[in-house]
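Going letter by letter, the sequence shown gives residues 79 to 414 in the working numbering.
Be aware that one or more of the hints could be misleading.
[As the list claims (entries may be wrong)] The following label-pair restraints were derived from C-beta to C-beta distances:
#1 Lys110 - Phe165: 30 to 38 Å
#2 Asp384 - Lys317: 41 to 49 Å
#3 Ile177 - Gln351: 31 to 39 Å
#4 Gln351 - Gly133: 32 to 40 Å
#5 Ala184 - Ile103: 20 to 28 Å
#6 Asn82 - Ser300: 30 to 38 Å
#7 Arg149 - Gly316: 50 to 58 Å
#8 Gly272 - Asn380: 20 to 28 Å
#9 Gly293 - Ile124: 55 to 63 Å
[As the list claims (entries may be wrong)] Derived lysine-lysine pairs resembling DSSO-like cross-links, with alpha carbons at most 27 Å apart:
#10 Lys121 - Lys147
#11 Lys147 - Lys110
#12 Lys388 - Lys302
#13 Lys207 - Lys179
#14 Lys324 - Lys283
#15 Lys237 - Lys145
#16 Lys283 - Lys340
#17 Lys207 - Lys147
#18 Lys283 - Lys207
#19 Lys317 - Lys294
#20 Lys302 - Lys317
#21 Lys324 - Lys145
#22 Lys283 - Lys237
#23 Lys145 - Lys225
#24 Lys317 - Lys340
#25 Lys201 - Lys145
#26 Lys283 - Lys388
#27 Lys110 - Lys121
#28 Lys324 - Lys302
#29 Lys294 - Lys147
#30 Lys80 - Lys283
#31 Lys80 - Lys141
#32 Lys225 - Lys110
#33 Lys225 - Lys283
#34 Lys179 - Lys302
Keep in mind the hints are simulated off the structure, nothing from the lab.
No residue lacks a Cβ here, since even glycine has one placed at the ideal position from N, Cα and C.
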Amino acid sequence: MKLNLTGSELDALKCVWTGEAESRIDIARILKMSRPTASVLVKSLIDNHFLTEDGCRRSFGGKPAIKLKIRPDSFHSIGIDIGYENFVRAISLDAAGNIIKQIELAADSGYNDRLNAVREAVKALRTDKTCGVGIAVSGMVNPQESKIIHSANFELTDKPIARITQDSTGLPVYIDNRARMAARAELFYGSAQGITDFLLVSLGKGIGSAITISGKIYSGVSGKAGEVRNFNVPDYSGKSMTTWEKALQEDTLEQQDYPCRKMAEICASGFNQVLSLIDLDVVVLSGRFCLFPDTFREELHNLMPDIRFKLSHFGRDSGACGSAIAATEHAVFNKP
Numbered sequence: 079m080k081l082n083l084t085g086s087e088l089d090a091l092k093c094v095w096t097g098e099a100e101s102r103i104d105i106a107r108i109l110k111m112s113r114p115t116a117s118v119l120v121k122s123l124i125d126n127h128f129l130t131e132d133g134c135r136r137s138f139g140g141k142p143a144i145k146l147k148i149r150p151d152s153f154h155s156i157g158i159d160i161g162y163e164n165f166v167r168a169i170s171l172d173a174a175g176n177i178i179k180q181i182e183l184a185a186d187s188g189y190n191d192r193l194n195a196v197r198e199a200v201k202a203l204r205t206d207k208t209c210g211v212g213i214a215v216s217g218m219v220n221p222q223e224s225k226i227i228h229s230a231n232f233e234l235t236d237k238p239i240a241r242i243t244q245d246s247t248g249l250p251v252y253i254d255n256r257a258r259m260a261a262r263a264e265l266f267y268g269s270a271q272g273i274t275d276f277l278l279v280s281l282g283k284g285i286g287s288a289i290t291i292s293g294k295i296y297s298g299v300s301g302k303a304g305e306v307r308n309f310n311v312p313d314y315s316g317k318s319m320t321t322w323e324k325a326l327q328e329d330t331l332e333q334q335d336y337p338c339r340k341m342a343e344i345c346a347s348g349f350n351q352v353l354s355l356i357d358l359d360v361v362v363l364s365g366r367f368c369l370f371p372d373t374f375r376e377e378l379h380n381l382m383p384d385i386r387f388k389l390s391h392f393g394r395d396s397g398a399c400g401s402a403i404a405a406t407e408h409a410v411f412n413k414p
């Protein structure tokens with residue numbers, strides 16, 4: 079689906095979609111244009127069913143500004159998370175961030191099985207409003223080149239899954255690391271709304287993180303930013319070191335029956351290594367971290383009192399939701 083809007087109309091629509099603007103006055107200020115020009119753009123977007131008026135903002139003197147909101151049916155996007163061990167999870171989002179439909183498809187770790195699941199997901203979720211597809215991958219991904227650099231758990235390294243999906247569907251496809259996709263979901267609609275600088279750490283079969291600075295997801299020069307799996311942390315005994323990922327593997331946790339204090343101590347070591355480099359004070363915990371008991375976060379807070387730990391709003395849907403958001407950024411607003 080192509081929106082057929084001018085560059086200025088897209089800029090105005092993006093201001094409302096991201097939540098930066100809620101009125102014509104806001105659009106004029108953000109885009110540095112006159113109010114009459116902003117009003118002309120908004121009228122066109124309303125006439126073409128992209129925006130609608132939504133009551134009045136509170137007035138502090140003078141005529142109250144009329145609020146704007148995006149029409150949910152303006153466009154749709156598909157987000158696919160291929161990072162789960164035995165299945166692929168996919169959702170369709172409308173322009174307002176509402177989940178239209180979600181599905182799970184069985185898939186083994188092989189490339190062809192995962193590719194077929196992606197194709198089936200697009201076929202099942204696609205509508206005449208679908209603008210693009212986002213794909214979240216466990217491992218290192220260079221989103222600028224749509225390249226999977228490394229995937230430890232699946233046969234995806236160097237596989238052109240994004241290009242093949244784009245060629246077969248005719249839809250723009252954006253691919254990225256699933257932790258960075260999850261961070262997008264939290265930034266737009268979840269636990270990190272209104273927070274421009276934060277670290278997201280996700281625990282699944284492996285462990286990964288995403289860094290958001292000034293409201294932008296940071297992927298690094300080649301897509302390797304946020305790789306924390308091999309950070310050294312104390313093992314359960316406290317007498318030697320192991321990798322953060324190995325310490326938190328599901329079978330390891332089951333064997334050791336870690337108390338929350340011990341898990342928090344291990345994780346605090348990893349968090350401190352990351353935060354000492356990037357100087358952030360908010361950490362969003364995603365994936366299996368959300369299944370840990372509340373006492374885990376309480377212990378973390380005791381160990382790291384200057385850091386705010388927040389749970390992911392989307393849980394297991396965060397990778398797929400973030401992928402759909404990334405698809406909209408890429409396909410509608412042409413933002414890498």
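Hint check:
Lys110 and Phe165 have their C-beta atoms about 47 Å apart, which leaves the hinted 30 to 38 Å range violated. Between Asp384 and Lys317 the Cβ separation comes to about 28 Å, which falls outside the hinted range of 41 to 49 Å. Between Ile177 and Gln351 the beta carbons are some 35 Å apart, a value that agrees with the proposed interval 31 to 39 Å. For the pair Gln351 and Gly133, the supplied restraint of 32 to 40 Å is violated, since their beta-carbon distance comes to about 48 Å.
Against the hinted window of 20 to 28 Å, the Cβ-Cβ separation of Ala184 and Ile103 comes to about 51 Å, which falls outside the hint. For the hinted restraint 30 to 38 Å between Asn82 and Ser300, the CB-CB distance of approximately 35 Å keeps it satisfied. A C-beta distance of roughly 56 Å is found between Arg149 and Gly316, which places it inside the suggested range of 50 to 58 Å. The hint said 20 to 28 Å for the Cβ distance between Gly272 and Asn380, and at roughly 26 Å that hint holds.
Gly293 and Ile124 have their C-beta atoms about 27 Å apart, which leaves the hinted 55 to 63 Å range violated. For the proposed pair Lys121 and Lys147, the alpha carbon gap of about 13 Å is at most 27 Å, so the pair holds. A distance of roughly 20 Å separates the Cα atoms of Lys147 and Lys110; the hinted pair therefore holds under the 27 Å criterion. Restraint check for Lys388 and Lys302: satisfied, since their Cα atoms lie roughly 24 Å apart, inside the 27 Å limit.
This hinted pair checks out: Lys207 and Lys179 have alpha carbons roughly 14 Å apart, not beyond 27 Å. At roughly 10 Å between alpha-carbon atoms, Lys324 and Lys283 fall within 27 Å of each other, so this suggested pair holds. Between Lys237 and Lys145 the CA atoms are separated by roughly 46 Å; this puts the pair beyond 27 Å, and the hint is violated. Annotation: proposed proximity of Lys283 to Lys340 holds, straight-line Cα distance about 20 Å (limit 27 Å).
A C-alpha spacing of about 18 Å is found between Lys207 and Lys147, which places the hinted pair at or below 27 Å, so the restraint holds. Note on Lys283 and Lys207: the hinted pairing is violated, with a Cα-Cα distance of about 34 Å set against a maximum of 27 Å. Taking the CA atoms of Lys317 and Lys294, the gap is near 39 Å; set against the 27 Å cutoff, the hint is violated. Between the alpha carbons of Lys302 and Lys317 the distance comes to roughly 30 Å, so the proposed pair goes past 27 Å and is violated.
With a C-alpha separation of about 50 Å, the suggested pair Lys324 and Lys145 falls outside the 27 Å cut-off, and the hint is violated. Of the supplied pair hints, the one linking Lys283 and Lys237 holds, its CA atoms being roughly 20 Å apart against a limit of 27 Å. This hinted pair does not check out: Lys145 and Lys225 have alpha carbons roughly 41 Å apart, beyond 27 Å. At roughly 13 Å between alpha-carbon atoms, Lys317 and Lys340 fall within 27 Å of each other, so this suggested pair holds.
Under the criterion of a C-alpha separation no larger than 27 Å, the hint pairing Lys201 with Lys145 is inconsistent with the structure, at around 36 Å. Restraint check for Lys283 and Lys388: the C-alpha separation of about 21 Å stays at or below 27 Å, so the hint holds. As the CA atoms of Lys110 and Lys121 are separated by approximately 18 Å, the hinted pair is consistent with the 27 Å bound. For the proposed pair Lys324 and Lys302, the alpha carbon gap of about 19 Å is at most 27 Å, so the pair holds.
Proximity of Lys294 to Lys147 is assessed by CA-CA distance (about 23 Å); at most 27 Å being required, the pair is judged to hold. This hinted pair does not check out: Lys80 and Lys283 have alpha carbons roughly 37 Å apart, beyond 27 Å. Distance hint between Lys80 and Lys141 is unfulfilled; the C-alpha atoms sit about 36 Å from each other, more than 27 Å. A threshold of 27 Å between alpha carbons decides the hint, and for Lys225 with Lys110 the separation of about 37 Å lies outside it, so the pair is violated.
The straight-line distance between the Cα atoms of Lys225 and Lys283 is roughly 21 Å, inside the 27 Å bound, and the hint therefore holds. Of the pairs offered as hints, the one joining Lys179 and Lys302 is violated, with about 32 Å between alpha carbons and a cut-off of 27 Å exceeded.
The structure fails to meet hints 1, 2, 4, 5, 9, 15, 18, 19, 20, 21, 23, 25, 30, 31, 32 and 34 from the earlier list, while all remaining hints are met.
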